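Visitor: Go ahead and model the full structure; you've got the sequences and the hints to work with.
Protein chains in written order, with the numbering used here: chain A, 1 to 494; chain B, 1001 to 1331; chain C, 2001 to 2142; chain D, 3001 to 3108.
Please keep in mind that the hints were generated in silico from the structure rather than gathered at the bench.
Every value quoted in this text rests on a predicted model; they were computed, and no experiment measured them.
Among the hints, a few may not be true.
Partner residues aside, some chain A positions facing chain C, computed with beta carbon under 8 Å [what the hints assert, rightly or not]:
#, residue
1, I145
2, L152
3, A159
4, A164
5, L185
6, G193
Sample of chain A residues lacking proximity to chain B, with all beta carbon distances greater than 12 Å (derived) [as the list claims (entries may be wrong)]:
#, residue
7, A454
8, T481
9, P494
Glycine is no exception: its CB is placed at the ideal position from the N, C-alpha and C atoms.
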Amino acid sequence: MSPPGAEWLPAGIAGLVGLSLAVAVLATAWPRQAHRIGLLGALAVTAWVLVLSAVFLNAGPDPETAATRVALGGWEAPLGLMLHLDGLSVTLLVLTAVVGLATSLYSLGYVHDRIERRQFWPLWLWLWAGLNMLFLSGDAFNLYITLEVVSLSAVALVAFTGTAAAVSGAVRYLLVNILGSLSFLMGVVLLFGEHGVLDLVLLEARTEAGPTERMAAVLMTAGLMLKAALFPLHVWLAPAHGSAPAPVSAVLSGLVVTGSFYLILRLWLGVFAPLATPAFGILVGLLGVGALVWGSLQALRAGRLKSIVAYSTVAQFGYLLVAFPLMLVDPGTWRVVVFFTVVHALAKASVFLAAGTLQHAAGHDRLADLGDVLRARPRMVFALGLAGVSLMGLPFTGGFIAKYLLLEAGLGTVLAGSVIGVLWVLAIAGGGLLAAAYVLRMVAPSFQRGRADAGETVSLWMDWVPLGLATVAALAGLAGTLTLNTLALTPGAP
Amino acid sequence: MNGLLVLFDLVLLAGIVGVAWRCLASTDLFRAVVLFITFGLLLALAWVRLEAPDIALAEAAIGAGITGALLLVTLERLRSIMAERRSGRPHSPPPDPTGPHALLRALHDPLPEHRTFLPALTFALVVGGLLVTALWHQPQSVGLEPVVDAHMDVSGVDHPITAVLLNFRAYDTFLELAIVLIALLGAWSLGRHDLIPARPAPGPILPGTLRLLVPVAVVTGVYVLWAGSHAPGGAFQAGAILGAAGILLVLARPRQLPMAPGGPLRLGISAGVALFLLVGLYGLAAGHGFLGYAEAWAYPLIILIEVAATLSIALTLVALFVAGRPAGDDA
Amino acid sequence: MNGLLETVAHTLAPGLLYPTGGAILFALGLYGLIRRHHLVLRILALNIMGSGVFMVLLGVAARGEGPPDPVAQALTLTGIVVAVSATAFALALVVHLTRLTGHAVMLPGPPDDDAPVEDISREEHHADGGPADRASSEDRPA
Amino acid sequence: MSVFYLAAALFLLGTILLGLIRVLRGPGSGDRMLAAQLFGTTGVTILLLLSLALEESALVDVALVFALLAVVAAVAFVRQHGLPEPPDTPTHRQHPESTESREPNDDR
Chain A
1 MSPPGAEWLP AGIAGLVGLS LAVAVLATAW PRQAHRIGLL GALAVTAWVL
51 VLSAVFLNAG PDPETAATRV ALGGWEAPLG LMLHLDGLSV TLLVLTAVVG
101 LATSLYSLGY VHDRIERRQF WPLWLWLWAG LNMLFLSGDA FNLYITLEVV
151 SLSAVALVAF TGTAAAVSGA VRYLLVNILG SLSFLMGVVL LFGEHGVLDL
201 VLLEARTEAG PTERMAAVLM TAGLMLKAAL FPLHVWLAPA HGSAPAPVSA
251 VLSGLVVTGS FYLILRLWLG VFAPLATPAF GILVGLLGVG ALVWGSLQAL
301 RAGRLKSIVA YSTVAQFGYL LVAFPLMLVD PGTWRVVVFF TVVHALAKAS
351 VFLAAGTLQH AAGHDRLADL GDVLRARPRM VFALGLAGVS LMGLPFTGGF
401 IAKYLLLEAG LGTVLAGSVI GVLWVLAIAG GGLLAAAYVL RMVAPSFQRG
451 RADAGETVSL WMDWVPLGLA TVAALAGLAG TLTLNTLALT PGAP
Chain B
1001 MNGLLVLFDL VLLAGIVGVA WRCLASTDLF RAVVLFITFG LLLALAWVRL
1051 EAPDIALAEA AIGAGITGAL LLVTLERLRS IMAERRSGRP HSPPPDPTGP
1101 HALLRALHDP LPEHRTFLPA LTFALVVGGL LVTALWHQPQ SVGLEPVVDA
1151 HMDVSGVDHP ITAVLLNFRA YDTFLELAIV LIALLGAWSL GRHDLIPARP
1201 APGPILPGTL RLLVPVAVVT GVYVLWAGSH APGGAFQAGA ILGAAGILLV
1251 LARPRQLPMA PGGPLRLGIS AGVALFLLVG LYGLAAGHGF LGYAEAWAYP
1301 LIILIEVAAT LSIALTLVAL FVAGRPAGDD A
Chain C
2001 MNGLLETVAH TLAPGLLYPT GGAILFALGL YGLIRRHHLV LRILALNIMG
2051 SGVFMVLLGV AARGEGPPDP VAQALTLTGI VVAVSATAFA LALVVHLTRL
2101 TGHAVMLPGP PDDDAPVEDI SREEHHADGG PADRASSEDR PA
Chain D
3001 MSVFYLAAAL FLLGTILLGL IRVLRGPGSG DRMLAAQLFG TTGVTILLLL
3051 SLALEESALV DVALVFALLA VVAAVAFVRQ HGLPEPPDTP THRQHPESTE
3101 SREPNDDR
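Guide: What follows is the structure, encoded as structure tokens:
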């Protein structure tokens, strides 16, 4: 007998897509009420995702059969499109819901201008719907379309303040995104030409290491690396993330970048798994070390609070690349990588939200002149510090557990006799130190003596949401086992 | 016959690649845009040779009707902004003869420095070479044609591409409509629209042409929409044709854009997505799956969705041509 | 002799000729995208790359004996619509950027991270529609 | 008969490629635009000939759409460049067109 609720999963998955789309369409058609629709929608979507994940965990204890596939319109693959839910997608859906809800609440205070509210909410709700659809998609071409939904709405959100810095950041971001999408699409076309199917599960069953697969892997990975701002294809990230409005930066650094990385992981765990070789892993790992060093140095150099946070995203994503060679030695490491991504997304979003509040209070975010406001707003300093501690990986935070597990995997590589493993261990440990340096740089002014000036009044949402999200990020360590067990429910992955 | 076809293919491909190359090597932006319009025309011929009349129809409607006009108007907008900045705005700095301001003087992009030439060429050659190698190694796969063919009788329409677009892969098509809408929301978020730069065109030719052409374009659009269920055509091609007619109307009266009230306009641009979603949710509730139809209802529902999608696409394309949001949308 | 002719005929079949042309267009667009700085030219380069992808897809679909693959053609149609939407949005962004900064080029090199950023949550900020009136104070070289 | 149609289509395609010289060399914007308009007309004819040669009636629709919409770009052009004016009026286009054709505009 199947556990209760399992038969509702397919309808729940399609319903989640339908619900998030309905919220977005409604806000588009009725912009006057967009913020109310957005708030109710955010609550409804979050509740739906939490119930869905509870049903999933209750229903699928067997890792081999845990994936639920839904044929849209009743057409099974290869003719139709399939939605695909497994442990990996559940984890990222929950992450998206938590960060999305926090961003929505924060935006209630942040975007208060009547006209800007009308522009912001529909775009943000489309972005959220696009992310939900991305994590649920099981079809190569549909992934391209959902990626476009995500990137177009993200670019529009970067640009919508209409300032010179934001618009030039957005133009760069848009060109990079189109290039990345076209590269991805070319890979999809190559795979379709060889195998005649688009469904990821069917493709996985048919791929072997031929010239088509190699070229498709290169094109799709490069395109997604461009979108995920993985080193060395990261140049667009800081101008786009650093000059966007705070809630948008939070979503971009926390979720949109993560979405592209999720897709890289999904492809290399499935379709491209036969292509992974140790040499490839070492190359990716070296890129990761480069990202860690370069991003951290830029973060130590930058003069604006939000620029520091934006560059720290480049640095932190270096860990994900360093993890690639570790995955080749111990395939199970990928779950640690996803857990790290989740913690990073939560912490990064809360840092950006806190930075937005400080910028609002002070009227700027130049670090040199931010001391007065920082001294007068201990709550924000606490939020910055709490999230920063998670980014550094100090004990008892989610970041600590993620980095500890990564280090353990790295040491395992060394013990297995790999010399280069020492480099990975050094990179993981050293990256934490560099993170400590730039996090301290952000909060240091509050410990110096000087005038305290709270600046502009801040709405309740903007005051409390960053702290709430930072607390969630720090407490995520408690959910470590749950997350890793959920991720184990991903059929096909090691 | 076959030899001639091969010769035709070769000449056409050489023309396409040559036009694309000259377009990207132009220093004069206007020339690049005219070459791009020609590129679209030659592409339509290539789609015909690849037995894809639907795509050729779309390329014709887009390339000739939408993109060309959009690019020309963009160039003119850039030029008039530059002219305005040069002619003494009090706060704007004087044009720097070496700085980026000089680059845009009269829409002119100087050829790039030679430093990037070899790396860029090597990179492009490697990517192109690897692509060609991979493509030449591919088998003669049949693709999904037999699967689609086997399901045509339950799809509700007689044209396989329409069946794929609005039944078998309706989710993709729904998201495609959403993307057109998001692009417009993005353009609207940048600010209100301003006047389209235009000069007087005295004489009876322009109004006469419009009086004749706009009704014909509307009839053609409706015909292409109707044809979609059994022959090449469909919602997007029809929407693009109607959109082109709308762009003609905008160009005819650039200084008196119709002041659409915000509410109906918003409803108009989101009607296609909204109706599609409603039908999809009904399918979920009725047990056919999200975006599924009962077999007997497939044809009328597909036609209903296509009509709404055509209107929304046409309206959205015209709004994207005008670019900023209308004043009515802020009310 | 006949064998050679057959090989040539096989090579020149539309199913192989057009994908090759598509690959060339993709590479050509990539080259133009790297080399040219004016944003309108970069957008044209991306469009040419996109046309290359569609040509490969349709060429692949036309391989073999029977009628061409309708799924590939439907995907191409969807892709074209996406490309047109992205192009229109990109052009609107370029016009807006020119209005704000006075240029439409994206010069290579790192952008200026420390340029001031306007905060839309502050009271004094209002979206009063006309972006042109904000332009003068925010002029900065790229 | 279809061989004849195909040969005619090939010939017309050749005339398009030949006409590209006018687009490349200009010298005026009007010259370039007019050449592109002419390609539109030629393209319609090629489509009709191909429709006969390949026995594909749907191509007539494509030709119809091309014939109908070719005017959009022309109207956009006329609207922005005005009708031909004496070259010394201030509204005349400020292209460096006269230098353009002499310039080595090839980067290879």
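Visitor: Could you let me know if the closest chain B CB is still more than 12 Å away from the CB of A454 of chain A?
Guide: holds (31 Å)
Visitor: A closest beta-carbon separation below 8 Å is what the hint needs, so does L185 of chain A meet it against chain C?
Guide: With Cβ-Cβ at 5 Å, under 8 Å, it holds.
Visitor: Against chain C, run the beta carbon of G193 of chain A and see if the smallest gap drops under 8 Å.
Guide: Interface hint status for G193 of chain A: holds (4 Å vs cutoff 8 Å).
Visitor: Can the hint on I145 of chain A be confirmed by a CB-to-CB distance to chain C that is less than 8 Å?
Guide: With Cβ-Cβ at 7 Å, under 8 Å, it holds.
Visitor: Please verify that the nearest CB of chain B lies beyond 12 Å from P494 of chain A's CB.
Guide: The claim holds: P494 of chain A sits with its nearest Cβ about 28 Å from chain B, beyond 12 Å.
Visitor: Under 8 Å, Cβ to Cβ, is where A159 of chain A needs to be relative to chain C, so tell me if that hint holds or is violated.
Guide: Check passed: Cβ of A159 of chain A comes within 6 Å of chain C, closer than 8 Å.
Visitor: Take the shortest C-beta to C-beta distance between L152 of chain A and chain C; is it under 8 Å?
Guide: Result: holds, 7 Å to nearest chain C Cβ.
Visitor: Can we trust that T481 of chain A is non-interface, i.e. its beta-carbon lies farther than 12 Å from all of chain B?
Guide: holds (34 Å)
Visitor: A164 of chain A was flagged as interface toward chain C. Is the shortest Cβ-Cβ separation under 8 Å?
Guide: holds (4 Å)
Consistency note: the structure conflicts with none of the earlier hints.
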